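Asks: Sequence:
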Amino acid sequence: MTQQCIKAWVHGQVQGVGFRYSTQMQAQQLGLTGYARNLDDGSVEVLACGASEALEQLVAWLKAGGPRSARVDRVLTEPHHAGEMPQRFTTG
Numbered sequence: 001m002t003q004q005c006i007k008a009w010v011h012g013q014v015q016g017v018g019f020r021y022s023t024q025m026q027a028q029q030l031g032l033t034g035y036a037r038n039l040d041d042g043s044v045e046v047l048a049c050g051a052s053e054a055l056e057q058l059v060a061w062l063k064a065g066g067p068r069s070a071r072v073d074r075v076l077t078e079p080h081h082a083g084e085m086p087q088r089f090t091t092g
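The numbers in the numbering used here rise by one with no breaks, and the one at position 84 of the sequence shown is 84.
The set of hints was computed from the structure by calculation and includes no laboratory data.
This one's a predicted model, so the numbers in the text were calculated from it and none came from an experiment.
Be careful, since some hints might not be right.
[To be verified] DMTMM-like cross-link-like pairs, simulated, lysine to aspartate or glutamate; straight-line CA separation at most 20 Å:
1. 63 x 73
2. 7 x 41
3. 7 x 78
4. 7 x 53
5. 63 x 84
6. 7 x 73
7. 7 x 45
8. 63 x 41
9. 7 x 56
10. 63 x 45
11. 7 x 84
12. 63 x 78
[Unchecked claim] Simulated restraints on C-beta separations:
13. 3 x 45: 17 to 25 Å
14. 86 x 56: 24 to 32 Å
15. 7 x 64: 28 to 36 Å
16. 39 x 69: 26 to 34 Å
17. 69 x 28: 14 to 22 Å
18. 38 x 2: 29 to 37 Å
We put the CB at the ideal spot given by N, CA and C, even for glycine.
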């Protein structure tokens with residue numbers, strides 16, 4: 001199975017609403033590694049690595065709005081070439 005990585009930037013009401021934690025739980029259920037972290041502009045950056053089907057499911061979940069307390073206005077994604085694959089999914 002080929003491991004791929006993507007980076008996503010999630011914009012909207014996504015800080016202070018449990019978005020990173022919910023993303024971590026979703027990613028772990030899908031068997032993905034990476035991170036979700038707050039950015040200074042109020043968005044959340046997500047790096048996710050794993051099987052392409054699982055990555056597609058995570059992106060669909062992000063675009064659907066994540067946890068109920070969040071409001072996602074847009075999600076931008078691009079392929080990412082990680083020098084070293086993350087071992088787990090973290091928030092930080």
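Asks: All the hints need checking, so say for each whether the structure fits it.
Replies: Hint-by-hint comparison with the structure:
At most 20 Å may separate the alpha-carbon atoms for a hinted pair to count; residue 63 and residue 73 meet this at roughly 8 Å. Under the criterion of a C-alpha separation no larger than 20 Å, the hint pairing residue 7 with residue 41 is consistent with the structure, at around 16 Å. With a C-alpha separation of about 6 Å, the suggested pairing of residue 7 with residue 78 holds against the 20 Å cut-off. Between residue 7 and residue 53 the alpha-carbon distance is near 15 Å, which keeps this suggested pair within the 20 Å criterion.
The straight-line distance between the Cα atoms of residue 63 and residue 84 is roughly 27 Å, outside the 20 Å bound, and the hint therefore fails. Between residue 7 and residue 73, the direct Cα distance comes to roughly 17 Å. Compliance with the 20 Å bound is thereby established for this hinted pair. Taken as a hint, the residue 7 and residue 45 pair is honoured in the structure, with Cα atoms around 7 Å apart against an allowance of 20 Å. Restraint check for residue 63 and residue 41: the C-alpha separation of about 19 Å stays at or below 20 Å, so the hint holds.
Of the pairs offered as hints, the one joining residue 7 and residue 56 holds, with about 12 Å between alpha carbons and a cut-off of 20 Å not exceeded. Only pairs whose Cα atoms come within 20 Å are accepted, and residue 63 paired with residue 45 is accepted, the gap being roughly 13 Å. A C-alpha spacing of about 14 Å is found between residue 7 and residue 84, which places the hinted pair at or below 20 Å, so the restraint holds. For a cut-off of 20 Å, the pair hint linking residue 63 to residue 78 stands: about 14 Å separates their Cα positions.
The supplied range of 17 to 25 Å is met by residue 3 and residue 45, whose beta-carbon atoms lie about 19 Å from each other. Distance hint for residue 86 and residue 56: a CB-CB separation of about 19 Å, inconsistent with the stated range 24 to 32 Å. The supplied range of 28 to 36 Å is broken by residue 7 and residue 64, whose beta-carbon atoms lie about 19 Å from each other. Taking the beta carbon of each, residue 39 and residue 69 are about 19 Å apart, not inside 26 to 34 Å as hinted.
At about 19 Å, the beta-carbon gap between residue 69 and residue 28 stays in the expected band of 14 to 22 Å. The hinted range of 29 to 37 Å is satisfied by residue 38 and residue 2, whose Cβ atoms lie roughly 30 Å apart.
Violated hints for the displayed structure, listed by number in ascending order: 5, 14, 15, 16.
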